[in-house]
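Assemble chain B onto chain A, guided by the hints.
As they're listed, the protein sequences go chains A and B.
With my numbering as the guide, the letters of the first sequence map in order to residues 123 to 262.
With my numbering as the guide, the letters of the second sequence map in order to residues 123 to 262.
None of these hints come from the bench; they were simulated from the model.
Because the structure is a prediction, the values reported are computed rather than measured.
Listed below are the simulated EDC-like cross-link pairs for lysine to aspartate or glutamate, each with C-alpha atoms no more than 16 Å apart in a straight line:
id : chain 1 : residue 1 : chain 2 : residue 2
1  : A       : Lys202    : B       : Glu247
2  : B       : Lys202    : B       : Glu234
3  : A       : Lys202    : A       : Glu241
4  : B       : Lys202    : A       : Glu247
5  : B       : Lys202    : B       : Glu247
6  : B       : Lys202    : B       : Glu245
Protein chains: 2
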Amino acid sequence: MTLLQGQTATRSLTITALSVRTFAELTGDYNPLHFDEAFAASTKFGRLVAQGGLTTGLLHALVAMDMPGPGTVFLSQNWKFTAPVYIGDTISARAEVRSVHPTKPVCQLQIEVRRGDGEVVLEGEAWCYTFRGGAPTTQR
Amino acid sequence: MTLLQGQTATRSLTITALSVRTFAELTGDYNPLHFDEAFAASTKFGRLVAQGGLTTGLLHALVAMDMPGPGTVFLSQNWKFTAPVYIGDTISARAEVRSVHPTKPVCQLQIEVRRGDGEVVLEGEAWCYTFRGGAPTTQR
Chain A
123 MTLLQGQTAT
133 RSLTITALSV
143 RTFAELTGDY
153 NPLHFDEAFA
163 ASTKFGRLVA
173 QGGLTTGLLH
183 ALVAMDMPGP
193 GTVFLSQNWK
203 FTAPVYIGDT
213 ISARAEVRSV
223 HPTKPVCQLQ
233 IEVRRGDGEV
243 VLEGEAWCYT
253 FRGGAPTTQR
Chain B
123 MTLLQGQTAT
133 RSLTITALSV
143 RTFAELTGDY
153 NPLHFDEAFA
163 ASTKFGRLVA
173 QGGLTTGLLH
183 ALVAMDMPGP
193 GTVFLSQNWK
203 FTAPVYIGDT
213 ISARAEVRSV
223 HPTKPVCQLQ
233 IEVRRGDGEV
243 VLEGEAWCYT
253 FRGGAPTTQR
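For reference, chain A alone in the conformation it holds in the complex (with noise of 0.2 Å):
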C-alpha cells in the first residue's frame, strides 16, 4: 500500500488528572500549572493545564499506530502550541500527508490538533521516517 499525499488520519485522547499525573512521574515535570490550583487560576488559563508532552504524545501515537503505521518514527517536530489543554479535555489529532519522497519512506505530515470545543491547541509540520516490516509506505 501506497502512502500518498493528501492521505489523512485522526486519532483522539481524553486527557486525565491521572494523566497529567503519570506523564509528571515519567518525565519530571511538576510544573505548577498543572499541580497548583491557585497557581493555574492566577494565570491566563485560569485553571489547571495538561503538559503539552501529553498533547505531542498524542502525535507519536497517530504516526506509529495510525498514519504512517508501526515502524514509524519522527525525524523531526516542527509546531507551535496556540491554546492549552484542560484536565478533562478530549484533545484530536490530525495529521494530512504533505509529501512522500519519491525513493525513501519518508514523507512530511502536516499536523493539528484540537480541544473538543473547537480550539487549535497545536499546529505545525513534523517529517518521518518509516523502517520497513513496518506498515505501508511507498517503499512496498
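Same frame as chain A, now just chain B:
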C-alpha cells in the same frame, strides 16, 4: 532574578522498560520498535528503542523545573531526532538561552539531548513563555 542570554541548564532521565510501557499506556504509542524485539532487531536500530516522546518529555521537565522554571510553557518546538534512545539509556538534556524578549517573559532556547555514550539524540530550538508567579523571568 533575570534570565540571561547564554545561561544554561541540564537535566537527565533514565529510560526503563517501565517508562516505555507507561508512555504507551498514556498515549497509545505501541509502536513495535518499542515492544517487538524481532521487529526492532530487523531495523538499523538493532534493538528496542524508547518513544521520542520520552526524550521530549525530559525537555518539558527541564523548562518547567529548571530553566526558565515553574510556570513555563512551550510556545513552539523545532527539533530533529538524530539518533535512537535505547531502553536503559540515561539521556541528558542541555538548554541554553539564545534570546530573551525585552518586555515579555519569553525566551528562545537552544536544545540538545545526548545519550550516555555522548551521541546527540535530539537537537533544535524552542520558544517558551513563563507565567508570573512562577520562576524567575525577566519580568520580575
